[in-house]
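Undergrad: For the record, the sequence lines run as chains R and Z.
First residue of the first sequence: 1, per the working numbering; consecutive thereafter.
First residue of the second sequence: 1, per the working numbering; consecutive thereafter.
By construction, these hints were calculated from the structure, which means they are not laboratory data.
Here the structure is a predicted model, which is why all the values come from computation and not from measurement.
Some hints could be false.
Stated by the list, open to error - A few chain Z residues facing chain R, derived, Cβ under 7 Å:
id, residue
1, R78
2, M98
3, P311
4, T312
5, P313
6, A320
7, S331
8, S339
What the hints assert, rightly or not - SDA-like, lysine to any residue: derived pairs with alpha carbons at most 25 Å apart:
id, chain 1, residue 1, chain 2, residue 2
9, R, K158, Z, N344
10, Z, K146, R, T451
11, R, K207, Z, K146
12, R, K102, R, Q135
13, R, K242, Z, R340
14, R, K242, Z, E26
15, R, K259, Z, K146
16, R, K462, Z, K146
17, R, K158, Z, S348
18, R, K168, Z, E26
19, R, K242, Z, S348
20, R, K407, Z, E318
21, R, K259, Z, R340
22, Z, K288, Z, C265
23, R, K207, Z, G338
24, R, K443, Z, E26
25, R, K259, Z, R329
26, R, K407, Z, Q332
27, R, K242, Z, G338
28, R, K259, Z, S339
29, R, K168, Z, V341
30, R, K443, Z, H10
31, R, K158, Z, A343
32, R, K158, Z, N346
33, R, K259, Z, G338
34, R, K407, Z, E333
35, R, K259, Z, N344
To be verified - A short list of chain R residues far from chain Z (calculated; beta carbon distances all over 12 Å):
id, residue
36, G50
37, Q135
38, S188
39, C192
40, P193
A virtual CB, placed ideally from N, CA and C, is assigned to each residue, including glycine.
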Amino acid sequence: MNQKINDFVVRFANTNGTGSASANNMFAKAIFRMGIPVSAKNIFPSNIQGMPTWYEVRVSDKGYLGRRGGRADLLVAMNAQSLTADIQSVESGGYLFYDSSKPLDEAVLRDDIHMLGMPISMICVKEYSDPRQRQLFKNVIYIGALAALLEIEFQVLKDLISDQFKGKEKLITPNIHALEIGFQFATSHFECPLPFRVERREFNRGKIMMDGNTATALGALYGGATVVGWYPITPSTSVVEKFAAYCQRLRIDPASGNKNFAIVQAEDELAAMGMVLGATWNGARAFTATSGPGVSLMTEFLGLGYFAELPAVLINVQRAGPSTGMPTRTQQADLLACAYASHGDTKHVLLFPADPEECFSLTARAFDIADQLQTPVILMSDLEIGMNDHLCCELEWQDDYQYQRGKVLSAAELDELERYGRYLDVDGDGICYRVLPGEHPQKGAFFTRGTSRDRFAVYTEKGDEYVQNMNRLAEKFRTAVRYLPRPECREGDKSAAIGLIYYGSTTAAIEEAQDLLRDQGLSSDCLRIRAFPFHSEVQDFIERHQQVFVIEQNRDGQMRTLLTMELEQDPQQLQSVLHFDGLPISGRFIAAEIVARLAREAQTQEAG
Amino acid sequence: MSFQKSKFHHPRLPLNELGLSYRDYEGSLSTLCAGCGHDAISAAVIQACHELSIPPHRVAKMSGIGCSSKAPNYFMNRAHGFNTVHGRMPSVTTGANMANRELIYIGMSGDGDTASIGLGQFAHVVRRRLNMLYMVANNGVYGLTKGQTAATADLGSHSKSGEANLFADIDLCVMALQLGASMVGRSFSGDKKQLVPLIKAALSHRGFAFLDIISPCVTFNNHATSTRSYDYVHEHIKAAGVVDFVPARTEIVSKFDNQKLEDICLHDGSILRIRRTDDDYDTHDSRKAVAAIEEHKAKGEILTGLLYIDPTPQEYHEMAGTSATPLSRLSQEDLCPGSRVLANINASFR
Ligand SMILES: Cc1ncc(C[n+]2csc(CCOP(=O)(O)OP(=O)(O)O)c2C)c(N)n1
Ligand code: SF4
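Start from the sequences and build out the full structure, keeping to the hints where you can.
TA: Spelled out as structure tokens, the structure:
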């Protein structure tokens, strides 16, 4: 068999709560440190302990960071509960590494895969007396074995252990010892390396491996957020937890020891969103993070934010819906609920980060956009970006960058005014001037409300005043595009017949999908949407292509709906490629869907 | 609709320390029904703030939705106001207070707003010890939606259409006491003598001050069988103490040699003076306050006055250890750690 270098998938099958996560993460990190592109996915149950959990690592010299899809080349089976299914999920000709302390049930064995048995439990019983240690070191031992099987540099693993236990040096030696146990066993019992293995590269310069929620938290910190109201919900919880942890390190006033931030764990998402609006009304930058069920509860306040024209940043780390759905699975299914959240004619600005680096930069920018437009801005992250580690560019911050606070009048500016009108469209862009409470002793006070008012913020039910206000809000939404990130458009030879439109976490799978399509003689152009409302480039792209596929991770083609509604686009021209089983979409899936669709069309045409 | 009042000032109106007359504390012309108790509350707020020389523009008027929540329109035009959504004034006020601890927060809500749709938020704003005055204009009905029974209506009391209330009432003072409000009082919109000092004390109190103010709805709940009508309340009121308020700046000349008199010194040095009508009443014991409320209720009486006070409570920002400068006024330099720190953060993810 030919050697396959840096091109394979390893899947770990573990039990939730056994400490395998950090060992598996070390495996992916080691490959990252060897300069090889790698992507890692947690596939975990909505349960704290005892249920099967998987961790899938894809190694790819070509830099494909999406899921490959299909079966794994090597399966590390550490969970008896899921073993039967795990054996089935190995690629033909692939390998199963398992704990051979107990003999395997003959009935489930396959003769088209290789079996690598290691009596890990027995070894641990001999090595360690403490039951917790027996459990924890099991994980480190199999990583040691994999190092031998895949030729992972041992020094890289040792360095990772030292980094991980900085400050707890006592733990370093026993962990390295456990790695060695595995390594030695594999070298003396198996034919190492396997036909697929890793080889050092230099592809990861300027790259980091981070999860999107951490990046989002840092974006909020750098964007100047000071107030957070939130309510825990998977998969968004770590956004606020990480924000709190970084604030504890970086936002304590050295002189007084006081906190330059305030975080309240609210009683529910209604209150969380209310706190955000209260804080921004007073001029602070504030955000909340939630997922689908929380968004549902926040809609009333989102409507208030829209109509009363208050900035707010809402981080929506999407998960599979509807209702409680699949809390630990990923989806992009909240688009419509967020774009039009709340009753009446309401629209919201959406941002679509594709990876952690963009979670950082777009979150930081979201605070500017919200202030500039005086409206809620929703960052549409998802579980896949939010909770998995991704290889991405380093986070960057320009020190000369100034926060954009939008149109806020100071006391001195108020003095110059004959009469201040909160909802006067002075500049003709639909965006009016705010005054913060307490600013001026005589001037500028008004009532903020969710009820109809005239341009001077006085309550009114006059139809013409109402219509004018609503039209101005529509104008403001058109203006919004100026402040939003442009779509990313990649067009090869201008002759490509098909266009691909996608956004957010789907991005990781696109390059591979395009390559697979090209292998079949199909060239494609692509456009990644980064914000709603849409820039004119989106319309142009659609018009330039005979056929456009909108690729997304929901059942109903929500982005396609949004495009056809907002651009008044002929729906015929947009076809959906939809993946919504809760696992991240793969390049293989996208390519296969498009090829099948085109083949079907060709057939119908022939028949006709 | 709201109508602007004329700006005409009588030149001889008394001025307070800021040189402002009470007209400077007024709001728009009320659009509430003539005789609505809520207007009397607005008048009491105007008087209290004027007498305390509170700078109107440093006040944030927060409310939910309802006739009572409209009332902040009718006092202090120079203060910013926020009519939020139904029942959610507490969370918005919490956020506002987190962002700027220096403003004076006056929350105005109805019994529907607070005791039904907003009960959860009410409970939590009390727990969080927000530094604010929270007033409920309690009329036992929903005024704005025309007369439905509120959750504060007494068991067995009758609606205008004659239906008896099947359910026990929620006593917001009892709830506030149990959840840790550091000042709790009950009053009657028709009793300005009692209400004004209570509002003044609450505004000077650095912590969560709750006032439940019985405020008859003349349109939907002022009939003969109501327990929230003017006549009923006048007949059944029982004051725990007659309250007077001495601002910090006024010199206290003599101390009354009277067993029933107690002076409570507040954070800002002002004095709350209570002359008891009830010898046993202890304003510093929240459990006894709950018991007293229940006892009087059992006798068909409404206990009013200052029910409880902790003169030196902690408020949210003290507990949370937030910056003394309002968070909304921190600059980018205070908040953004810059690129060098980010480089270190990047390094920890390699
Ligand atoms: C979500 C929502 N539900 C219902 C309403 C309708 N509504 C407006 S005011 C009100 C009740 C007001 O009663 P209360 O708070 O007691 O104030 P009052 O008018 O009696 O002073 C209701 C139910 C609303 N505005 N929003
Ligand atoms: S309906 Fe009742 S509560 Fe509302 S304004 Fe009239 S009297 Fe007041």
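Undergrad: All hints are to be evaluated individually against the structure, with a verdict given for each.
TA: Quick rundown of the hints versus the structure:
Hint status for R78/Z: holds, given a least beta-carbon distance of 5 Å to chain R, under 7 Å. For the restraint placing M98/Z at the interface with chain R, the shortest Cβ-Cβ distance is roughly 4 Å, inside the 7 Å limit, so the hint holds. Hint on P311/Z is violated. Least Cβ distance to chain R is approximately 25 Å, over the 7 Å limit. Of the supplied interface hints, the one on T312/Z is violated, with its beta-carbon coming no nearer than about 20 Å to a beta-carbon of chain R, more than 7 Å.
Contact between P313/Z and chain R, as hinted, is not supported at the beta carbon level, the nearest pair being about 18 Å apart and thus beyond 7 Å. Here the hint on A320/Z is kept, as its CB sits about 6 Å from the closest CB of chain R, short of 7 Å. For S331/Z, the suggested interface contact is broken, since its CB lies about 9 Å from the closest CB of chain R, more than 7 Å. A least Cβ separation of about 5 Å between S339/Z and chain R falls short of the 7 Å threshold, and the interface hint therefore holds.
For the proposed pair K158/R and N344/Z, the alpha carbon gap of about 21 Å is at most 25 Å, so the pair holds. For the hint linking K146/Z to T451/R, the alpha-carbon distance of about 19 Å falls within 25 Å, and the restraint holds. Using a Cα cut-off of 25 Å, the hinted pair K207/R and K146/Z is violated, with the two alpha carbons roughly 63 Å apart. Our distance criterion of 25 Å between C-alpha atoms is met by K102/R and Q135/R, whose separation comes to about 16 Å.
Of the supplied pair hints, the one linking K242/R and R340/Z holds, its CA atoms being roughly 19 Å apart against a limit of 25 Å. Taking the CA atoms of K242/R and E26/Z, the gap is near 47 Å; set against the 25 Å cutoff, the hint is violated. Proximity of K259/R to K146/Z is assessed by CA-CA distance (about 47 Å); at most 25 Å being required, the pair is judged violated. With a C-alpha separation of about 23 Å, the suggested pairing of K462/R with K146/Z holds against the 25 Å cut-off.
Simply put, K158/R and S348/Z have alpha-carbon atoms about 16 Å apart, close enough for the 25 Å limit, and the pair holds. Under the criterion of a C-alpha separation no larger than 25 Å, the hint pairing K168/R with E26/Z is inconsistent with the structure, at around 65 Å. Of the pairs offered as hints, the one joining K242/R and S348/Z holds, with about 14 Å between alpha carbons and a cut-off of 25 Å not exceeded. About 32 Å separates the Cα atoms of K407/R and E318/Z, which puts this hinted pair outside 25 Å; it is violated.
Between K259/R and R340/Z, the direct Cα distance comes to roughly 21 Å. Compliance with the 25 Å bound is thereby established for this hinted pair. A hinted pair counts as satisfied when its Cα atoms are at most 25 Å apart, and K288/Z with C265/Z qualifies at roughly 21 Å. The hinted pair formed by K207/R and G338/Z meets the criterion: a straight-line CA distance of about 19 Å does not exceed 25 Å. Proposed proximity of K443/R and E26/Z is supported: the alpha carbons are some 15 Å apart, at most 25 Å.
Distance check on the hinted pair: K259/R and R329/Z sit about 13 Å apart at the alpha-carbon level, within 25 Å; holds. A threshold of 25 Å between alpha carbons decides the hint, and for K407/R with Q332/Z the separation of about 17 Å falls inside it, so the pair holds. A C-alpha spacing of about 18 Å is found between K242/R and G338/Z, which places the hinted pair at or below 25 Å, so the restraint holds. Between K259/R and S339/Z the alpha-carbon distance is near 21 Å, which keeps this suggested pair within the 25 Å criterion.
Restraint check for K168/R and V341/Z: satisfied, since their Cα atoms lie roughly 24 Å apart, inside the 25 Å limit. Proximity of K443/R to H10/Z is assessed by CA-CA distance (about 22 Å); at most 25 Å being required, the pair is judged to hold. Annotation: proposed proximity of K158/R to A343/Z holds, straight-line Cα distance about 24 Å (limit 25 Å). Simply put, K158/R and N346/Z have alpha-carbon atoms about 21 Å apart, close enough for the 25 Å limit, and the pair holds.
Taking the CA atoms of K259/R and G338/Z, the gap is about 18 Å. The hint holds against a cut of 25 Å. Straight-line distance between C-alpha atoms of K407/R and E333/Z comes to about 21 Å, which keeps the hinted pair within the 25 Å bound. The suggested pairing of K259/R with N344/Z holds, with an alpha-carbon distance near 22 Å, which does not exceed 25 Å. The Cβ of G50/R sits about 31 Å from the closest Cβ of chain Z, beyond the 12 Å cut-off, so the non-interface label holds.
At roughly 27 Å from the closest C-beta of chain Z, the C-beta of Q135/R stays outside 12 Å, upholding its exclusion from the interface. Under the 12 Å C-beta cut-off, the non-interface status given to S188/R relative to chain Z holds; the minimum distance is some 33 Å. Look at C192/R: its CB is around 28 Å from the nearest CB on chain Z, clear of 12 Å, so calling it non-interface holds up. Taking the minimum C-beta to C-beta distance to chain Z, about 25 Å, the non-interface status of P193/R holds against the 12 Å cut.
Hint compliance for this structure: hints 3, 4, 5, 7, 11, 14, 15, 18 and 20 are not met, and every other hint is.
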